[in-house]
Amino acid sequence: MTASVAQDAAEVENRSNDTGLDVVTGAFSYSGRAIAQVLGEHGRRVRTLTGHAGRADANSAVEIRPLDFSDSPGMVTSLLGATTLYNTYWVRFARGRADHAVAVENSRALFHAARRAGVQRIVHLSITNPSIESPYPYFRGKALVERALAETGVAYTVLRPAILFGGDGILINNIAWLLRHLPVFAVGGGGDYRIRAIHVEDLARLAVAAGASHGDAVLDAVGPERPTFLELVQTIRGAVKSRAKIIRVPGIVVPAASACLSLALRDVLLTGEEYRAMADNLADTIGPATGTTSITDWIADNASVLGITYANELNRHYQRPRTRACCVR
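Residue 121 in numbering that gives the first Met the number 0 sits at position 122 of the sequence shown, with consecutive numbering throughout.
Treat the hints as calculated values from the structure; they're not laboratory data.
Predicted, not measured: the structure shown is a model, and the values here were computed from it.
Glycine included, every Cβ here is placed at the ideal spot set by N, Cα and C.
Don't take every hint at face value.
Only pairs whose alpha carbons sit at most 25 Å apart, straight line, appear in this in silico SDA-like list of lysine to any residue [what the hints assert, rightly or not]:
{"id": "1", "residue 1": "Lys240", "residue 2": "Pro182"}
{"id": "2", "residue 1": "Lys240", "residue 2": "Leu260"}
{"id": "3", "residue 1": "Lys244", "residue 2": "Tyr274"}
{"id": "4", "residue 1": "Lys244", "residue 2": "Thr234"}
{"id": "5", "residue 1": "Lys240", "residue 2": "Val153"}
{"id": "6", "residue 1": "Lys240", "residue 2": "Ala288"}
{"id": "7", "residue 1": "Lys240", "residue 2": "Thr292"}
{"id": "8", "residue 1": "Lys244", "residue 2": "Gly189"}
{"id": "9", "residue 1": "Lys240", "residue 2": "Ile251"}
{"id": "10", "residue 1": "Lys240", "residue 2": "Ser257"}
{"id": "11", "residue 1": "Lys240", "residue 2": "Ile169"}
{"id": "12", "residue 1": "Lys240", "residue 2": "Gly189"}
{"id": "13", "residue 1": "Lys244", "residue 2": "Ala185"}
{"id": "14", "residue 1": "Lys240", "residue 2": "Pro287"}
{"id": "15", "residue 1": "Lys244", "residue 2": "Val186"}
{"id": "16", "residue 1": "Lys244", "residue 2": "Gly286"}
{"id": "17", "residue 1": "Lys240", "residue 2": "Val217"}
{"id": "18", "residue 1": "Lys244", "residue 2": "Pro223"}
{"id": "19", "residue 1": "Lys244", "residue 2": "Gln233"}
{"id": "20", "residue 1": "Lys240", "residue 2": "Arg275"}
{"id": "21", "residue 1": "Lys240", "residue 2": "Asp296"}
{"id": "22", "residue 1": "Lys244", "residue 2": "Pro182"}
{"id": "23", "residue 1": "Lys240", "residue 2": "Glu230"}
{"id": "24", "residue 1": "Lys244", "residue 2": "Ala299"}
{"id": "25", "residue 1": "Lys240", "residue 2": "Val304"}
{"id": "26", "residue 1": "Lys240", "residue 2": "Ala154"}
{"id": "27", "residue 1": "Lys240", "residue 2": "Gly286"}
{"id": "28", "residue 1": "Lys244", "residue 2": "Val183"}
{"id": "29", "residue 1": "Lys240", "residue 2": "Ser303"}
{"id": "30", "residue 1": "Lys244", "residue 2": "Thr292"}
{"id": "31", "residue 1": "Lys244", "residue 2": "Arg193"}
Derived CB-CB ranges, DEER-like [what the hints assert, rightly or not]:
{"id": "32", "residue 1": "Ala93", "residue 2": "Lys240", "range": "25 to 31 Å"}
{"id": "33", "residue 1": "Pro134", "residue 2": "Ser71", "range": "29 to 35 Å"}
{"id": "34", "residue 1": "Asp296", "residue 2": "Pro134", "range": "32 to 38 Å"}
{"id": "35", "residue 1": "Ala100", "residue 2": "Val248", "range": "43 to 49 Å"}
{"id": "36", "residue 1": "Ser303", "residue 2": "Arg91", "range": "48 to 54 Å"}
{"id": "37", "residue 1": "Asn280", "residue 2": "Asp300", "range": "45 to 51 Å"}
{"id": "38", "residue 1": "Gly95", "residue 2": "Ser293", "range": "36 to 42 Å"}
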């Protein structure tokens, strides 16, 4: 942990008895849930803006407001009184009317609502290696969102994770599931592109520390290890005692193979853009680690449960729950 992050963590400890209000977008989703939990542990009141109120636990202390980008006055009202906005909102892939261009405009609307509401600081989750010149809409959109955030005039920290693991994360679990169920696992090209993953709880602690910091900052949110993708798959294979054969295939084959598997699984396993960006080493950085959890150790510690069930992205994010927990709106 760097000295500045350590200082920010100390500031969080100083705020432990402060019951001030913070807002987290998507506090019942993956990274948002982890951030909300850490905030709660430090005595902060948490409000969420979400389109998935039905995911709240029956005993959740999180205040719930709708995340409606078309209702700017409503977003301003929902953000009133908040010290910090922790923004985890994004669109992983285009679906229906939602695409990366829409996500950029929605993010801009959220940031301006935060400014109008008097929010003092925004902590925004971005991606490693964003670029307005990127050929990939995901990475180009993330860069445009970072620029929109800087233009609001609200103090901010941008955290740039590549891949998350831990908790109920999807990627590592589903690689394990495929290794448990398929006779072969295809790796595109040489598989020598590196992955700089961070544990979701490390990311959450980093975000909350950033919420207590001062000034503007952009920080890679990355763990201590940089395995190649092939090494990562081999590690998971060994941990879950899979007998699947790992084969290398031309990179052009991967998106087509993933699309076929996605149809069978009724999900979006891996988009062509995601594979090509990973193969271009955009999930890697060479800077210092800001997370402490070893992905290798975590895989070994969780081998007995990894990949036992498949985690369906579409069901998790787009399917309405059959029953809804009672919640405050």
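Going through the hints against the structure:
Between Lys240 and Pro182 the alpha-carbon distance is near 13 Å, which keeps this suggested pair within the 25 Å criterion. Pair hint Lys240 plus Leu260 holds up; C-alpha atoms about 22 Å apart against a cutoff of 25 Å. A hinted pair counts as satisfied when its Cα atoms are at most 25 Å apart, and Lys244 with Tyr274 qualifies at roughly 20 Å. A C-alpha spacing of about 13 Å is found between Lys244 and Thr234, which places the hinted pair at or below 25 Å, so the restraint holds.
Using a Cα cut-off of 25 Å, the hinted pair Lys240 and Val153 is violated, with the two alpha carbons roughly 50 Å apart. Taking the CA atoms of Lys240 and Ala288, the gap is near 29 Å; set against the 25 Å cutoff, the hint is violated. Proposed proximity of Lys240 and Thr292 is supported: the alpha carbons are some 23 Å apart, at most 25 Å. Straight-line distance between C-alpha atoms of Lys244 and Gly189 comes to about 15 Å, which keeps the hinted pair within the 25 Å bound.
Only pairs whose Cα atoms come within 25 Å are accepted, and Lys240 paired with Ile251 is rejected, the gap being roughly 29 Å. A threshold of 25 Å between alpha carbons decides the hint, and for Lys240 with Ser257 the separation of about 23 Å falls inside it, so the pair holds. Only pairs whose Cα atoms come within 25 Å are accepted, and Lys240 paired with Ile169 is accepted, the gap being roughly 19 Å. For the hint linking Lys240 to Gly189, the alpha-carbon distance of about 23 Å falls within 25 Å, and the restraint holds.
Under the criterion of a C-alpha separation no larger than 25 Å, the hint pairing Lys244 with Ala185 is consistent with the structure, at around 8 Å. For the hint linking Lys240 to Pro287, the alpha-carbon distance of about 32 Å lies beyond 25 Å, and the restraint is violated. With a CA separation close to 11 Å, the supplied pair Lys244 and Val186 stays within the 25 Å bound. Between the alpha carbons of Lys244 and Gly286 the distance comes to roughly 33 Å, so the proposed pair goes past 25 Å and is violated.
The hinted pair formed by Lys240 and Val217 fails the criterion: a straight-line CA distance of about 40 Å is larger than 25 Å. The hinted pair formed by Lys244 and Pro223 fails the criterion: a straight-line CA distance of about 28 Å is larger than 25 Å. Proposed proximity of Lys244 and Gln233 is supported: the alpha carbons are some 10 Å apart, at most 25 Å. Taking the CA atoms of Lys240 and Arg275, the gap is about 29 Å. The hint is violated against a cut of 25 Å.
Our distance criterion of 25 Å between C-alpha atoms is met by Lys240 and Asp296, whose separation comes to about 16 Å. As the CA atoms of Lys244 and Pro182 are separated by approximately 6 Å, the hinted pair is consistent with the 25 Å bound. Of the pairs offered as hints, the one joining Lys240 and Glu230 holds, with about 15 Å between alpha carbons and a cut-off of 25 Å not exceeded. At roughly 20 Å between alpha-carbon atoms, Lys244 and Ala299 fall within 25 Å of each other, so this suggested pair holds.
Taken as a hint, the Lys240 and Val304 pair is honoured in the structure, with Cα atoms around 12 Å apart against an allowance of 25 Å. Pair hint Lys240 plus Ala154 does not hold up; C-alpha atoms about 48 Å apart against a cutoff of 25 Å. In summary, the hint linking Lys240 to Gly286 is not supported, as the alpha carbons are separated by about 33 Å, beyond the 25 Å threshold. A distance of roughly 5 Å separates the Cα atoms of Lys244 and Val183; the hinted pair therefore holds under the 25 Å criterion.
Straight-line distance between C-alpha atoms of Lys240 and Ser303 comes to about 10 Å, which keeps the hinted pair within the 25 Å bound. Proposed proximity of Lys244 and Thr292 is contradicted: the alpha carbons are some 28 Å apart, above 25 Å. With a CA separation close to 21 Å, the supplied pair Lys244 and Arg193 stays within the 25 Å bound. Distance hint for Ala93 and Lys240: a CB-CB separation of about 37 Å, inconsistent with the stated range 25 to 31 Å.
Roughly 32 Å separates the CB atoms of Pro134 and Ser71, a value that falls within the hinted 29 to 35 Å. A C-beta distance of roughly 35 Å is found between Asp296 and Pro134, which places it inside the suggested range of 32 to 38 Å. For the pair Ala100 and Val248, the beta carbons lie near 32 Å from each other, so the given range of 43 to 49 Å is not met. Between Ser303 and Arg91, the C-beta spacing of about 28 Å breaks the proposed range 48 to 54 Å.
The hinted range of 45 to 51 Å is not satisfied by Asn280 and Asp300, whose Cβ atoms lie roughly 28 Å apart. Taking 36 to 42 Å as the suggested C-beta distance range, the pair Gly95 and Ser293 conforms, at roughly 38 Å.
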